[in-house]
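As a plain string of letters, each chain reads:
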Amino acid sequence: MAGKAFALKPVSLDGIVAPMSHLRIIEPTEATGALAAVYERMKARPMPPVYRPAHGGLAGIIRAHSLDAGLMPHVFAFSGGINQAGPLTWPQRELIAAATSRLNQCFY
Amino acid sequence: MSRAIVIDPRAVGDRHPDLAIRALVRITVDVTERPWVLTGAHLVQARAGGLDEASVLHAILQSSLFGHLNRIADAVGVAADYPDRFGAPHVEPATPAYLWPERFPDQNASKPIELALRTGAAKLLSDWRAYALDRDAPLTRRQRALIAHAVAMRLGDSSASEIEPESAIDHALVDLAGTVTLAPWRLGPATFAPIRALGLADDAEVFDAVATASSCTVFSRIAVALAALASAEPQ
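Chains as they are written, first to last, in this note's numbering: chain R, 1 to 108; chain A, 1001 to 1235.
So that you can see chain R by itself, here it is in the shape it has in the complex (with noise of 0.2 Å):
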């Protein structure tokens, strides 16, 4: 379903309390068709132990791209094809990450 325009209450996730987005985020519990499948490829994808969220969710990166399932597969294939094999390290590739998202100021 296609996301109008309103405005979220903030939820808290373990103890986070998250403001209100900018954009709708389609949650899985609420996710149909399309969407809801790539969900669950989403879900399936191995992952580390240190990126599984607190709140035991999808990641907030997944699930704010809700409202393009189209473009999530893509976004993740290119992220995993990259980032599955070296030659950078788990560390080389966090700091790289990290000094990125300050730079843009992106503190998600």
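Take these hints with a grain of salt, some might be off.
What the hints assert, rightly or not - Pairs of lysine to any residue residues, derived as SDA-like cross-links and limited to a Cα-Cα distance of at most 20 Å, are as follows:
| # | chain 1 | residue 1 | chain 2 | residue 2 |
| --- | --- | --- | --- | --- |
| 1 | A | K1111 | A | A1041 |
| 2 | A | K1123 | R | G70 |
| 3 | A | K1123 | R | H74 |
Don't read these hints as lab results, they were simulated from the structure.
Dock chain A against the given chain R, drawing on the hints supplied.
Showing chain A alone in chain R's frame:
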């Protein structure tokens, strides 16, 4: 070091005692802010730190990808998955935007590192690009091409087809693409308001506009960075 990166990544790139860390952070800073400034000097610095061409390519791909993830997270306003352990700084919307390019590296010249060095990366990127640009809904193909050109001009990418805005919505999409590319920390309801007022009111339409621009930052950033590495002169 995690805290140092959160507080001041440029200091880590300039002064960290580990040469590999210094090289990776320097590449990340330049790919993120000004991919056209990369030169052969970045390769020299990487090699001094024990990094090979495949490692440099991985760094370019990873920082480009995270640039997209940052932009989507900022645009949607998604909540953090973890508590903030490091006391992350607050976003400052008044932070000046990234600079426009001073040069457009020649993408047809021979490159020291080709995307093909990473098996499968070119196909994954090509498939992503086709999805982002070869569709007619919610945005039209023309609107996507307009966004792609706007992003390319702001990242030093000469490969995008030239297309000029013709209508109010075209100009609004170009402005939004500019914000996505050069000041993603400003993304939010105020930056979406112009395109909403001009008819792209649905969240899915707004997301498509942002995600198309953000995807194009990945494509252009990688192309420009790889082309720029061929330059022998520091910029």
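Here is what the structure says about each hint:
The hinted pair formed by K1111 (chain A) and A1041 (chain A) meets the criterion: a straight-line CA distance of about 14 Å does not exceed 20 Å. Of the pairs offered as hints, the one joining K1123 (chain A) and G70 (chain R) holds, with about 17 Å between alpha carbons and a cut-off of 20 Å not exceeded. Restraint check for K1123 (chain A) and H74 (chain R): the C-alpha separation of about 11 Å stays at or below 20 Å, so the hint holds.
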